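**Q** Here is how the chains run, residue by residue.
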Amino acid sequence: MNSVIPFLPLLLGALAAIVLRGWLRNLIMIVAPILGAINLMGMEHGVFWSLEFMGYALEPVKVDKLSLMFGYLFHLASLIAVIYALHVKDTVQHVAGLAYAASAVGAVFAGDLLTLFIFWELLALTSVFLIWARRTDRAYSSGIRYLIIQVLSGVLLLVGLLIFAQVNNSLLFTQIGLQHEGIAQVGAWLIFFAFGIKCAFPFMHNWLTDSYPEATPSGTIFLASFTTKVAVYAFARGYPGEEILVWIGVTMACFPIFFAVIENDLRRVLAYSLINQIGFMIVGIGIGTALALNGAVAHAFNDVIFKGLLMMTMGSVLHMTGKINGSELGGLYKSMPKTTVLCIVGAASISAFPLFSGFVSKSMIMAAAVSEGYDVVWLLLLFAAAGVFHHAGIKIPYFAFFAHDSGIRTTEPPKNMLIAMTIAAIACVVLGTFPAQTVYALLPWEHSYQPYDVTHVLTQLQLLFFSALAFVWLNLRNMYPPELPSTNLDADWLYRRLAPAIVKRVASTTYNAYVGFEKSVAISIKQMVQGSYDAESGKPKGYFARLWPTETMVVWVAVLLAIYLIFYYLPDLL
Amino acid sequence: MSDKHHSDDGWFDKPENVKKMLKVFYVVCALLVLVDFIVHRHIYHDWESIPAFYAIYGFIGCVVLVLIATEMRKFLMRGEDYYDE
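Chains as they are written, first to last, in UniProt numbering: chain Y, 1 to 574; chain L, 1 to 85.
No lab work stands behind these hints: they were computed from the structure. Here the structure is a predicted model, which means the values were calculated and not measured. The beta carbon of each residue, even a glycine, is placed where N, CA and C say it ideally should be. Possibly wrong hints are sitting among the right ones.
To list a few chain Y residues with every Cβ distance to chain L over 10 Å, as calculated [as the list claims (entries may be wrong)]:
(1) Leu58
(2) Phe383
(3) Asn488
(4) Phe517
(5) Glu518
(6) Ile566
No more than 30 Å apart at the CA atoms, straight line, and that leaves these computed lysine-lysine pairs for DSS-like [what the hints assert, rightly or not]:
(7) Y:Lys415 with Y:Lys323
(8) Y:Lys541 with Y:Lys519
(9) L:Lys74 with Y:Lys504
(10) Y:Lys338 with Y:Lys89
(11) Y:Lys519 with Y:Lys504
(12) Y:Lys89 with Y:Lys65
(13) Y:Lys338 with L:Lys74
(14) L:Lys14 with Y:Lys338
(15) Y:Lys415 with Y:Lys89
(16) Y:Lys539 with Y:Lys519
(17) L:Lys23 with Y:Lys338
(18) L:Lys20 with Y:Lys338
(19) Y:Lys338 with Y:Lys323
(20) Y:Lys323 with L:Lys23
(21) Y:Lys526 with Y:Lys539
(22) Y:Lys415 with Y:Lys504
(23) Y:Lys323 with Y:Lys62
(24) Y:Lys323 with L:Lys14
Next comes chain L alone, as it looks inside the complex (with noise of 0.2 Å):
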């Protein structure tokens, strides 16, 4: 690969970049926030009009299922050739 050392340089390899995508990220999330309190969507369920429902909801339910996983690795977790011994 005569172009190997111009390739090692990926975008993503460079961590100004990386913050750079985050921050545009971060602001995303804060409108989607905003938009909830300016736009009035239809309300199907009870839980739906506490503000911001679906962002808190997304937000704890994947932090909680990151957290349960994590604990699960240690009863439920062996070596890589387990079967195959």
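One chain only, chain Y, in its complex shape (with noise of 0.2 Å):
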């Protein structure tokens, strides 16, 4: 075996760049992905690495096909987020980059659950540095309940496994399920719950709405690639079949649309896409099916991608302009040709146009859904399918390159850039045109699916082209709703005002009361002070002060010798 373990060359990649400067590290940051899925197709199914530790047996890499389609995925995405950063002079983020994305790859290859939880709680510590590298204010805070939350995902993670290692004296991560009896049930839905939290569930979800708009242009490309389909796996291969997860799923697809619609921050608008696009992913595990779960995974394969490329063009977008919002842009295909292109291609593959990615892997699902007889998760997800055209096919590129001509005059981002796009833009033309010979030849399950019949075709077009018209219809009327400048409010609502609030409130009637019962104190201790002076006379009015020290002493000495006295006979008394 000539392979290494599989997250190592991203890990020295990660490594070199705190060193390496200029011209060789940037060569040695492009060469490690690569270096790397080169070193996953050497590599044989299998436990690569066992271990024993404290009495129970760890397998820190394990390779079966669904671990290796994601790694194969990490490295390509690796691979483009890392062109598109080149020309960033922040060896921060280079370094938190490659080591999120080993983090990452380390993750997926992980054969037990205290391995996994390992790389679960460095995706987190790597990532928030990418939030941080922003430097302003909104991100430092955003970039800090990030971290909280992840770090919380990790510790529901572990309790949930420890309570496993008791029950089942095995860490081995491998089909988990909620049908458990007593402790082992609260186990499993912790992890559930750890999964859930970076798989953006809702109300769960804000973390993700809250920090990648906040991070870097670069920084978000890597952000969006990594966390939530690394969670994905792990549902894919912990909670296969589970129902709820339909329903869970069902629900991501469709209320993130709404607030997609109103957003003004445009990569907000694509954050909230992601947890659409995930909702897909976890209908199709709920499902489970060998058709769906293939499903599950292709789309999470071109979710990278073609989320990948959409998020880069609003990234240039930001870093040629400085801004992002839909109420500032406008008009600029004139000045930057190109890009708008390369959005127009991620655009056209999230809607699922045919011939682009997000076609077949969209309608593997949907198929699933229809022949496992869940009706109203079908008509949903159709309609999220619908919304997703269009708030992230047209809303996105028509707001920031076309509508009203906001006066901004650009140029093209770095070729850097452009190229780490036109790769993401071309992938995802050759995965829609030609998917069985690329990333429908890795899926992990037994199954054959042919997306392009007349059929498909047909209906989808059509499903989007109207669409298409009622924005057009709808923009026409003038019933569209414009871009504002403007939070929404969400469920953070309840973590960055609501608690917050009633923490300050009890605290301030804590302190109020604290503050009202020292004064009295105060008083009550002046009170007395002053009752035992007389202010006439000029002498305190106790008895005792009224005595010379010698003879208050005196006193004393004669109460304590009774004193004394009474307990020497106390003995014989009783």
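Could you use the hints to bring the two separately framed chains together as a complex?
**A** Below is the structure:
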């Protein structure tokens, strides 16, 4: 076996990026993911590295089709993100980006829960620097919130795995499921929620929409690629076929599109649509048939590329103009024509136009939903698919590059950014046009599916064109909500406004009560002092105060002697 | 920028161009509905047998989406610096 541990090339790349500078660093950072991917090709299925720890068998590196697929994906994603970030002169971002990618690769090859937990936490610790690297107050506090929530997810995972270690006497990461007896049930749910937080389940999703738009233009590309996809992977391995996931997933697919329509920050629009796309994957995992699971992981693969592409085009806009709000942009197609075209390719892919990557994987999930009798789910997913086209496919390119001319005149982004976006765009078209020869050859479960038939192409085109027609119609009638500088309340209001307000209330009430108490004590002491002093004669009122100190002493010595006497006779009396 | 004057004259700035483009778009939409009656497509679900089901669903779905989202603004929208205060 000539292969090394899968995450090693990326990790070494990250370490090299600390000390190297200039073209040598650029070269090493580009070579690291390429070598990493070649390394994966030489790996055989099975346990690559096992050891014993405190009586438990650990498998820090285990290879199968599912982990290999995500392994390739993460190497491709990190290559694109590294190229996109080459112009950045900030060592922190380069090191954090590669270390973050290495953690993601480590997590998907982890054969036991303890190794998974370590990489789970490393994902959080390495990625937060990509947010802080923006170096604004907003990014700083957003990063803190991100870190707290991510670490909380890790803690839940740790408690869950400890329970499992106790009950099953094993730490190996296989299918967990939600049907257990007694305390193991608690452990299963804890791990479920740990995965759910990282997967941006409803009400646990705001770390994503909060922090991703605050990160640096290139940092967001890394962020959008790894954390949530590791969580999708973990669900596919740990909880395939759990029906609750279908309903969670369909909620995730539907509610963010409403927020995306009214959101002004275009990278936040993409963050919402990221949750919407994960919703499709979670539905697929919940259905749990070979077709659905294949669809889910294929969609994860495609999503990393097309969401990365869209994020990159918006990052380019932010990098070149310093603006990202829809209300401040518009008309950029004149000065950034190449970026515009690349953005439209990404938009077509996420909207699942035939010949673009989203089409095949999304139809697999939809077909699985219909064939398993999930009628309502299918209808809602269809609505979500139309909604995606509406906010990510039309709104993003329209408000950034077309709409009214904002008067901004800029140029295309640096060459490395254009190259990275072009690679992603080509990948979108190749994956969508030649699915059988590319990503679908990697699919873990045995199932053949033919996405390109007249029915699929026709119905999908009808859906998309009439969604676009709705946009045109609403726009012409001035019913489309304009882009407004605003903040929209979401579940994060609970911990950014409500909880602090309650804590403030409680704290100020407690503090006021304490101040009041202190005051009343001070007043009563003062009164006591005043009451014992005769101001007119200038003498204290008390009996002892009128005596000489020696006289007082004599009295107290007499009292002491009396007490002593009583104690002396006390035993005899009893 | 020497060609600023030139670059201000974008293709999409001319209303007649936009109108032309929209016309093509409307024609494509109409054709897609027509094809629905000519081509025999597979039916996996009962509702799919409704003529032009996907076109109707896509249009209505998006209009409803936008109208609800606009209503949501009334109670969810706050100032840009809401959390920074």
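**Q** For every hint, state whether the structure bears it out.
**A** Evaluated hints:
For Leu58 (chain Y), the non-interface assignment is confirmed: its Cβ lies about 43 Å from the closest Cβ of chain L, beyond the 10 Å cut-off. The non-interface label for Phe383 (chain Y) is inconsistent with chain L: the shortest C-beta to C-beta separation is roughly 5 Å, within 10 Å. Non-interface status of Asn488 (chain Y) relative to chain L is broken: a Cβ of that chain comes within 10 Å, the nearest being about 5 Å off. Even its closest Cβ contact with chain L, about 32 Å, leaves Phe517 (chain Y) beyond 10 Å, as expected for a residue assigned away from the interface.
Distance check for Glu518 (chain Y) against chain L: the nearest CB is about 31 Å away, which clears 10 Å, and the non-interface claim stands. Non-interface status of Ile566 (chain Y) relative to chain L is upheld: no Cβ of that chain comes within 10 Å, the nearest being about 69 Å off. At roughly 20 Å between alpha-carbon atoms, Lys415 (chain Y) and Lys323 (chain Y) fall within 30 Å of each other, so this suggested pair holds. For a cut-off of 30 Å, the pair hint linking Lys541 (chain Y) to Lys519 (chain Y) stands: about 25 Å separates their Cα positions.
Restraint check: the Cα-Cα separation between Lys74 (chain L) and Lys504 (chain Y) comes to about 27 Å, which is no more than 30 Å; the hinted pair holds. Between Lys338 (chain Y) and Lys89 (chain Y) the CA atoms are separated by roughly 24 Å; this keeps the pair inside 30 Å, and the hint holds. A threshold of 30 Å between alpha carbons decides the hint, and for Lys519 (chain Y) with Lys504 (chain Y) the separation of about 22 Å falls inside it, so the pair holds. Annotation: proposed proximity of Lys89 (chain Y) to Lys65 (chain Y) is violated, straight-line Cα distance about 37 Å (limit 30 Å).
Using a Cα cut-off of 30 Å, the hinted pair Lys338 (chain Y) and Lys74 (chain L) is violated, with the two alpha carbons roughly 38 Å apart. Using a Cα cut-off of 30 Å, the hinted pair Lys14 (chain L) and Lys338 (chain Y) holds, with the two alpha carbons roughly 21 Å apart. For the hint pairing Lys415 (chain Y) with Lys89 (chain Y), the CA-to-CA distance comes to about 15 Å; that is within 30 Å, so the pair holds. As the CA atoms of Lys539 (chain Y) and Lys519 (chain Y) are separated by approximately 27 Å, the hinted pair is consistent with the 30 Å bound.
For the suggested pair Lys23 (chain L) and Lys338 (chain Y), the alpha carbons sit about 25 Å apart, so the restraint of at most 30 Å is met. For a cut-off of 30 Å, the pair hint linking Lys20 (chain L) to Lys338 (chain Y) stands: about 23 Å separates their Cα positions. Between Lys338 (chain Y) and Lys323 (chain Y) the CA atoms are separated by roughly 18 Å; this keeps the pair inside 30 Å, and the hint holds. For the given pair, Lys323 (chain Y) sits about 33 Å from Lys23 (chain L) by alpha-carbon distance, which is inconsistent with the 30 Å threshold.
Distance restraint check for Lys526 (chain Y) and Lys539 (chain Y): the Cα-Cα separation of roughly 17 Å lies within the 30 Å cut-off, and the hinted pair is therefore satisfied. For a cut-off of 30 Å, the pair hint linking Lys415 (chain Y) to Lys504 (chain Y) is broken: about 50 Å separates their Cα positions. Only pairs whose Cα atoms come within 30 Å are accepted, and Lys323 (chain Y) paired with Lys62 (chain Y) is rejected, the gap being roughly 44 Å. For the hint pairing Lys323 (chain Y) with Lys14 (chain L), the CA-to-CA distance comes to about 26 Å; that is within 30 Å, so the pair holds.
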